[in-house]
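There are 2 protein chains.
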Amino acid sequence: MSKLVIVGTCAFDAIETPFGKTDKILGGAATYIGLAASQFKVDSSIVSIVGEDFPKEYIDLLTNRNINLEGLEIVKGGKTFFWSGKYHNDMNTRDTLVTELNTLADFNPQVPASYQDAEIVMLGNLQPTVQLSVIEQMSNPKLVILDTMNFWMDIALDELKTTLKKVDVITINDEEARQLSGEYSLVTAARKIHEMGPQYVVIKKGEHGALLFHNDEVFFAPALPLEEVFDPTGAGDTFAGGFAGFLARSGDITFENMKQALIYGSCLASFTVEKFGTERLENVTTEEIRKRLQQFKQLTQFEIELN
Amino acid sequence: MSKLVIVGTCAFDAIETPFGKTDKILGGAATYIGLAASQFKVDSSIVSIVGEDFPKEYIDLLTNRNINLEGLEIVKGGKTFFWSGKYHNDMNTRDTLVTELNTLADFNPQVPASYQDAEIVMLGNLQPTVQLSVIEQMSNPKLVILDTMNFWMDIALDELKTTLKKVDVITINDEEARQLSGEYSLVTAARKIHEMGPQYVVIKKGEHGALLFHNDEVFFAPALPLEEVFDPTGAGDTFAGGFAGFLARSGDITFENMKQALIYGSCLASFTVEKFGTERLENVTTEEIRKRLQQFKQLTQFEIELN
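Here the protein sequences come in this chain order: A and B. Under the UniProt record's numbering, the letters of the first sequence match residues 1 to 307, in that order. Under the UniProt record's numbering, the letters of the second sequence match residues 1 to 307, in that order.
For reference, chain A alone in the conformation it holds in the complex (with noise of 0.2 angstroms):
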């Protein structure tokens, strides 16, 4: 077992979709990849910014689930990190309503003593230059995943860059990899980021699955085809946080144990999308993920006769 750093937002968000809507709901990256690590009973720790209006609720939820947050830094005075956003009918386009960055505006991220000599670090999507701050206080981390966005690739492209160096594992989706590679092919653009820096390109593509490029070597880890898709909120962070507890557990970073992660990821993200916001992936059981990772195997084992 390896220990886990999670860094990202804990946040507030409200949500709308065509099924309904939220008031203030508990969001942001670092808490879904927590949720979705937790699954894997790691030892994880949080580095993260709210304010004092941030429940006493919310940090039992995590410190439940054996999640350190020494590194969450409570801001008195500060408001929380607050995102709301409208999903469009198809579900996969939505508009950004309000973003308030409050205390994130501030975020100056301190990796607590006793996490340092973690083995793993997942960097949830932030400023490029606050995730190479993280990377810096780490001493020997084993496996770096960074998650990020096409706005910091709008905005900070040199930053993004820097920070792509000392990247083991970068997860983006596939307008994302074409705009940070100029290539419209997804392995000629794999290939490109790969000389940025990160020896594996993960490519979310929603509901059409991921891809893991690692060197000439390629595996695909489908999306379960869902009935409804109730709130895809959370579900890159929920699939990052599944990838990277599954990889922490295990303690084995070999592209063949990856393939189970990503799937692991998978299977955690189609939860979460069943309800609003961390909802599902709180109540999620043991049992609903073993029979929703035997639907995996079903929907894309196959033999097949070499001739």
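One thing to keep in mind: the hints can contain errors.
As the list claims (entries may be wrong) - Derived DSS-like pairs: lysine-lysine, alpha-carbon spacing no greater than 30 angstroms straight-line:
1) B:Lys24 to B:Lys56
2) B:Lys192 to A:Lys291
3) B:Lys192 to A:Lys86
Stated by the list, open to error - Listed below are several chain A residues computed to face chain B (Cβ distance under 10 angstroms; list not exhaustive):
4) Asn89
5) Met91
6) Thr93
7) Thr188
8) Phe213
9) Phe219
10) Leu224
11) Glu227
12) Tyr264
13) Lys297
14) Phe302
Said to hold, decoys possible - Quick list of simulated restraints, FRET-style, between CB atoms:
15) B:Phe151 to A:Asn108: 57 to 63 angstroms
16) A:Lys165 to B:Ile59: 56 to 62 angstroms
17) B:Asp216 to A:Ile155: 43 to 49 angstroms
18) A:Lys161 to B:Gly20: 31 to 37 angstroms
19) B:Leu101 to A:Lys161: 53 to 59 angstroms
20) B:Gln295 to A:Glu287: 54 to 60 angstroms
21) A:Lys161 to B:Asp216: 27 to 33 angstroms
22) A:Asn108 to B:Asp216: 48 to 54 angstroms
23) B:Asp216 to A:Pro55: 38 to 44 angstroms
It is worth saying that the hints were derived from the structure and are not from the lab. Keep in mind the model is a prediction, meaning the values are calculated, not measured. Don't be surprised by glycine CBs; every beta carbon is placed ideally from N, CA and C.
Please arrange chain B on chain A, whose structure you already have, making use of the hints.
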């Protein structure tokens, strides 16, 4: 081994892609289906119509693959169906530049007597009433596979629904599945299409692979991530032909065997898109296919602990 009847167009295509353009070359759904199915050395027969301008070399190409052409009507003084299209830079969308129906306008398919007892029928994209007339000529088919498109949903929906009642497997793309069912979720769409007749629903998602639905079971065949898609023309028909050809060779139409058939279809389609028209499919070797099937295994197969 089962006999296979293939119905569809034999045509001239003129194709323009970002990589170049062709003069009139061999095209048509039945052509691609026949060439793909011939990889399995099945006893197949193409039922189609062409004009006197259809070159003897194309006829020879097909007969040299042991494709029976008794059902290919050659209209004296007639001209062969001609389609011309131009692909956009993303290769996922295209504009039709020319459609000349020519002899196809009067296509009245006649299944040769010696093939009316064929076990498997592959109906390429055509007017639904024409597809139905073929089904009605068969004595006792074990499996009727139908490909169709949005065009017929727009102008001949009632006829299509009548035909679908006699169909076992439908292959359509994701947008068409949504149009036909009125459902956005592909899971729900497949269920509604089941109710129209087909026990098996294959939803083609192009570069995102294909899904096979049957009652509550689902299987996913990925598309192989390719460095370059040179010309997508015929990929869907190659996929269908590989699917039908594999089933005809094995004579096994169980869901488990259809999984393999789907992988073979996806495998053959991955060759078709590498060059213009039928060129790559004509020249692909058994060894190349074997190697690529191995890539499909590496792409999708994983071991997972279910604890």
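Quick rundown of the hints versus the structure:
With a C-alpha separation of about 15 angstroms, the suggested pairing of B:Lys24 with B:Lys56 holds against the 30 angstroms cut-off. For a cut-off of 30 angstroms, the pair hint linking B:Lys192 to A:Lys291 stands: about 25 angstroms separates their Cα positions. Between the alpha carbons of B:Lys192 and A:Lys86 the distance comes to roughly 29 angstroms, so the proposed pair stays at or under 30 angstroms and holds. For A:Asn89, the interface hint holds, the least distance from its beta-carbon to any beta-carbon of chain B being 7 angstroms, beneath 10 angstroms.
The restraint placing A:Met91 at the interface with chain B holds, with a minimum CB-CB distance near 8 angstroms, inside the 10 angstroms limit. A hinted interface residue such as A:Thr93 counts as satisfied when its beta carbon comes closer than 10 angstroms to some beta carbon of chain B; here the least separation is about 13 angstroms, so the hint is violated. The criterion of a C-beta within 10 angstroms of any C-beta in chain B is met by A:Thr188, whose closest approach is roughly 6 angstroms, and the hint holds. Restraint check, A:Phe213 versus chain B: the minimum CB separation of about 8 angstroms is within 10 angstroms; hint holds.
Taken as an interface hint, A:Phe219 checks out: its beta carbon lies about 6 angstroms from the nearest beta carbon of chain B, inside 10 angstroms. Interface hint status for A:Leu224: upheld, as the beta-carbon distance to the closest one in chain B is roughly 9 angstroms, under 10 angstroms. For A:Glu227, the suggested interface contact is upheld, since its CB lies about 5 angstroms from the closest CB of chain B, less than 10 angstroms. About 8 angstroms separates the beta-carbon of A:Tyr264 from the nearest beta-carbon of chain B, less than 10 angstroms, and the hint is met.
With a least beta-carbon distance of about 7 angstroms to chain B, the hint placing A:Lys297 at the interface is held under the 10 angstroms criterion. The interface hint given for A:Phe302 is met, as the beta carbon of that residue sits about 4 angstroms from the closest beta carbon of chain B, less than 10 angstroms. Take B:Phe151 and A:Asn108: their Cβ atoms lie about 59 angstroms apart, and the range 57 to 63 angstroms holds. A C-beta distance of roughly 60 angstroms is found between A:Lys165 and B:Ile59, which places it inside the suggested range of 56 to 62 angstroms.
Between B:Asp216 and A:Ile155 the C-beta distance comes to about 47 angstroms, which sits within the given range of 43 to 49 angstroms. Under the hint 31 to 37 angstroms, the C-beta atoms of A:Lys161 and B:Gly20, about 34 angstroms apart, fit the expected range. Judged by the Cβ atoms, the range 53 to 59 angstroms given for B:Leu101 and A:Lys161 holds: they are separated by roughly 54 angstroms. As the Cβ distance of B:Gln295 to A:Glu287 is approximately 35 angstroms, the hint placing it in 54 to 60 angstroms is violated.
In this structure the hint that A:Lys161 and B:Asp216 lie 27 to 33 angstroms apart at CB is violated, the actual value being about 47 angstroms. Our hint of 48 to 54 angstroms for A:Asn108 and B:Asp216 holds, since their Cβ atoms are close to 51 angstroms apart. A hinted range of 38 to 44 angstroms for the beta carbons of B:Asp216 and A:Pro55 is consistent with their spacing of about 41 angstroms.
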